[in-house]
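Enquirer: Using the hints provided, position chain B relative to the given structure of chain A.
In order, the protein sequences belong to chains A and B. For the first sequence, this note's numbering gives the first residue as 1, with consecutive numbering after it. For the second sequence, this note's numbering gives the first residue as 1, with consecutive numbering after it.
Hints listed in this document are in silico derivations from the structure and should not be mistaken for laboratory results. Among the hints, a few may not be true.
As the list claims (entries may be wrong) - The calculated label-pair distances, taken between Cβ atoms and stated as ranges, are:
#1 B:141 - A:115: 47 to 57 Å
#2 B:40 - A:70: 28 to 38 Å
#3 B:217 - A:282: 48 to 58 Å
#4 A:8 - B:125: 27 to 37 Å
#5 A:115 - B:22: 16 to 26 Å
#6 B:25 - A:140: 17 to 27 Å
#7 A:56 - B:232: 19 to 29 Å
#8 B:107 - A:309: 44 to 54 Å
Just so it is clear, CB atoms sit at the ideal spot from N, CA and C, and this is done for glycine as well.
There are 2 protein chains.
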Amino acid sequence: MTIAQKKLITMAHGAGGSQMGRLIKDTILANLGGSASLPEVEIALEELDDSAAVGGVVFSTDSYVVKPLFFPGGDIGSLAVAGTVNDISMVGADAAAISCALMLEEGFPIEELERILKSMSETSKLAGVPVVTGDTKVVERGALDGMFINTSGIGFGGESLQKNIDVVKEYREFEENWIKDSNVRDGDTIIVSGTMGDHGVTILSTREGYGFESEVQSDIYPLNKMISSALEEGGIVAMKDPTRGGLANTLNEWSEKSKVGILIREEHIPLTEGVVSACEMLGIDPLAIGNEGKVTIAVVREKAEDVLESLCKTDPGKKAAIIGEARSDIRGVVMETVMGGKRIVDMPAGDPVPRIC
Amino acid sequence: MTIAQKKLITMAHGAGGSQMGRLIKDTILANLGGSASLPEVEIALEELDDSAAVGGVVFSTDSYVVKPLFFPGGDIGSLAVAGTVNDISMVGADAAAISCALMLEEGFPIEELERILKSMSETSKLAGVPVVTGDTKVVERGALDGMFINTSGIGFGGESLQKNIDVVKEYREFEENWIKDSNVRDGDTIIVSGTMGDHGVTILSTREGYGFESEVQSDIYPLNKMISSALEEGGIVAMKDPTRGGLANTLNEWSEKSKVGILIREEHIPLTEGVVSACEMLGIDPLAIGNEGKVTIAVVREKAEDVLESLCKTDPGKKAAIIGEARSDIRGVVMETVMGGKRIVDMPAGDPVPRIC
Numbered sequence: 001m002t003i004a005q006k007k008l009i010t011m012a013h014g015a016g017g018s019q020m021g022r023l024i025k026d027t028i029l030a031n032l033g034g035s036a037s038l039p040e041v042e043i044a045l046e047e048l049d050d051s052a053a054v055g056g057v058v059f060s061t062d063s064y065v066v067k068p069l070f071f072p073g074g075d076i077g078s079l080a081v082a083g084t085v086n087d088i089s090m091v092g093a094d095a096a097a098i099s100c101a102l103m104l105e106e107g108f109p110i111e112e113l114e115r116i117l118k119s120m121s122e123t124s125k126l127a128g129v130p131v132v133t134g135d136t137k138v139v140e141r142g143a144l145d146g147m148f149i150n151t152s153g154i155g156f157g158g159e160s161l162q163k164n165i166d167v168v169k170e171y172r173e174f175e176e177n178w179i180k181d182s183n184v185r186d187g188d189t190i191i192v193s194g195t196m197g198d199h200g201v202t203i204l205s206t207r208e209g210y211g212f213e214s215e216v217q218s219d220i221y222p223l224n225k226m227i228s229s230a231l232e233e234g235g236i237v238a239m240k241d242p243t244r245g246g247l248a249n250t251l252n253e254w255s256e257k258s259k260v261g262i263l264i265r266e267e268h269i270p271l272t273e274g275v276v277s278a279c280e281m282l283g284i285d286p287l288a289i290g291n292e293g294k295v296t297i298a299v300v301r302e303k304a305e306d307v308l309e310s311l312c313k314t315d316p317g318k319k320a321a322i323i324g325e326a327r328s329d330i331r332g333v334v335m336e337t338v339m340g341g342k343r344i345v346d347m348p349a350g351d352p353v354p355r356i357c
Numbered sequence: 001m002t003i004a005q006k007k008l009i010t011m012a013h014g015a016g017g018s019q020m021g022r023l024i025k026d027t028i029l030a031n032l033g034g035s036a037s038l039p040e041v042e043i044a045l046e047e048l049d050d051s052a053a054v055g056g057v058v059f060s061t062d063s064y065v066v067k068p069l070f071f072p073g074g075d076i077g078s079l080a081v082a083g084t085v086n087d088i089s090m091v092g093a094d095a096a097a098i099s100c101a102l103m104l105e106e107g108f109p110i111e112e113l114e115r116i117l118k119s120m121s122e123t124s125k126l127a128g129v130p131v132v133t134g135d136t137k138v139v140e141r142g143a144l145d146g147m148f149i150n151t152s153g154i155g156f157g158g159e160s161l162q163k164n165i166d167v168v169k170e171y172r173e174f175e176e177n178w179i180k181d182s183n184v185r186d187g188d189t190i191i192v193s194g195t196m197g198d199h200g201v202t203i204l205s206t207r208e209g210y211g212f213e214s215e216v217q218s219d220i221y222p223l224n225k226m227i228s229s230a231l232e233e234g235g236i237v238a239m240k241d242p243t244r245g246g247l248a249n250t251l252n253e254w255s256e257k258s259k260v261g262i263l264i265r266e267e268h269i270p271l272t273e274g275v276v277s278a279c280e281m282l283g284i285d286p287l288a289i290g291n292e293g294k295v296t297i298a299v300v301r302e303k304a305e306d307v308l309e310s311l312c313k314t315d316p317g318k319k320a321a322i323i324g325e326a327r328s329d330i331r332g333v334v335m336e337t338v339m340g341g342k343r344i345v346d347m348p349a350g351d352p353v354p355r356i357c
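Bound conformation, chain A alone (with noise of 0.2 Å):
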């Protein structure tokens, strides 16, 4: 094989949207799946969902290798707990612990390590999950940009999802015992938990060369109460927290999996005008960046104004909106412009922004 014919790792490999899928499907299922025939398996490799499920168990892991460390609005210790906390979140499972996996470049500052483990600690804290189990790596100066951190977690379905799953089974059948991304049917609700794009432009506005500064923070934050809460009132049937690739990768990958099509309306999405502005200048499209402290979430109709209410109480939760539903009549994820017009919304290539988290 010459060096032209050899098929080599792209940055698009590895930032959510449809080159990534491709990659997990053709390469690493075709290679890691086939366990889903356990019977204790309960949410299998191939789903591809938020996490997995094991004997009652949900599992969940996740690397982080954002750029810069240190942003407005948090770091990689603040990310790492949130990002996971939130995973398990998604199918309905109260966190319970999570591991702290820590890969160091020789030379990296103690200080600055501390400075993120306290931030680890405080994140752990307000989620009320603990760090129960952990790895340290040093490689030498040269083989690691800085620091990278993975952290993992377990969970287990609770009074809430129980609670949850009782509403949804009072408006139609329903088999699962969890929520996941194929539970999504017509005339389902959707609400998003507040502004999109934040964490993705903060990242972006950090980054040198780009010209301008920008007052948007990341909206980093452990959903798990805010979630748990929201379950309480029932009726949630799928929820995904829209990381890379955004809320278009999120309704994308809902739409596929639950083989339903999405309508959203423009003038519903939350958005800061911070967000808007560092859009429109660097020609990037909001709903193609990712979140870390958002959760979109499925609801059957009749439960939605409930669940909406639920969030807004809550601090991460305050600027919730309705923003579309599902539909049979319609195919992927649509979306009406503010002009009125119908745009098609499309599964992005690939996040804008690389090393988002």
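Expert: Just chain B, lined up with the frame of chain A:
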């Protein structure tokens, strides 16, 4: 603060041994600790055991930064699966599932990625433990040396663990629900499941500039099935896989956490000729070098022969041997040398081989 005063991460901070121990206690635990009071945490971060236990679930994490990625006897993929399965096994649990978090450098050949994933899949099948969840991150060229993998794992206490604990209780009071580093007592027999140092010497021999070629192969192996059989025999009170820092680190950790001395006999420690000659040539101690398919077991004296026999019946445990015993009349770890003298086996400052795992 001047640059001279700034404390920086060094390679020794990630090499097992005493310097890593200090970083973990003074920096990591000082910030992330404090969850031990939570009632559902059964093995807490502070215990620095191979795995945590929370609400009946055993949970462990490890990142793999081994260099090179491919070496005689294995690769980063087989290592990442076996290493985490083994950590779960060390507390006596049955490994149930693992995660796979890939960190890739832009430009990494997809062909190599596929080879590594196949190897993960094979090791996962050998262990009977599925990969159920994952994550993929890509960073720009130069921000990471090829590829790192984090695997985390979950497991549950099973029948073999309960059987083992019942047998321990025939011989002494035992209040623990798990096999822990702090359980070793005066008179317990110390067993290793095979030859020491193979993995570390293999990694060293593949590095350029060392000027030797060795026929030693890495010992990477998922030990969960072997350990499950040994637990069926019963009487096991502590287990640890002698990875970074090798047997010297493992025994010193036991001695410290269990507050008991350990006496081992040099002539009984299994070593291959290849490891002996490589270590002599390089002036390194085979007891301070990491292994990836071996376990050190402390067992009540009366059951030592039964456990040994059970190990010897398995592929990875064929060369298992009794190497010594716990002794309240000595302090720390002491070795009777082949020459008849005695020497203290210190906690190594760090594994002499960097990026061994």
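Enquirer: Taking the CB of residue 56 of chain A and the CB of residue 232 of chain B, does the distance hold inside 19 to 29 Å?
Expert: With Cβ atoms ~25 Å apart, the hint holds.
Enquirer: Has the hinted range 47 to 57 Å been met by the Cβ atoms of residue 141 of chain B and residue 115 of chain A?
Expert: Given about 28 Å between the Cβ atoms, the range is violated.
Enquirer: Taking 28 to 38 Å as the stated bounds, is the beta-carbon spacing between residue 40 of chain B and residue 70 of chain A within them?
Expert: holds, 33 Å
Enquirer: Cβ-Cβ distance between residue 217 of chain B and residue 282 of chain A: within 48 to 58 Å?
Expert: Hint holds: Cβ distance 53 Å, inside 48 to 58 Å.
Enquirer: Lying within 27 to 37 Å: is that true of the beta-carbon distance residue 8 of chain A to residue 125 of chain B?
Expert: Holds: the Cβ-Cβ distance is about 28 Å, inside 27 to 37 Å.
Enquirer: Could one say that the CB atoms of residue 107 of chain B and residue 309 of chain A fall in the range 44 to 54 Å?
Expert: For residue 309 of chain A against residue 107 of chain B, whose Cβ atoms are near 50 Å apart, the range 44 to 54 Å holds.
Enquirer: How does the Cβ-Cβ distance of residue 115 of chain A and residue 22 of chain B compare with 16 to 26 Å: does it lie in that range?
Expert: holds, 19 Å
Enquirer: Between residue 25 of chain B and residue 140 of chain A, does the C-beta distance stay in 17 to 27 Å?
Expert: Roughly 24 Å apart at Cβ, these two residues keep to the hinted range, so it holds.
The structure shown violates just one earlier hint, number 1.
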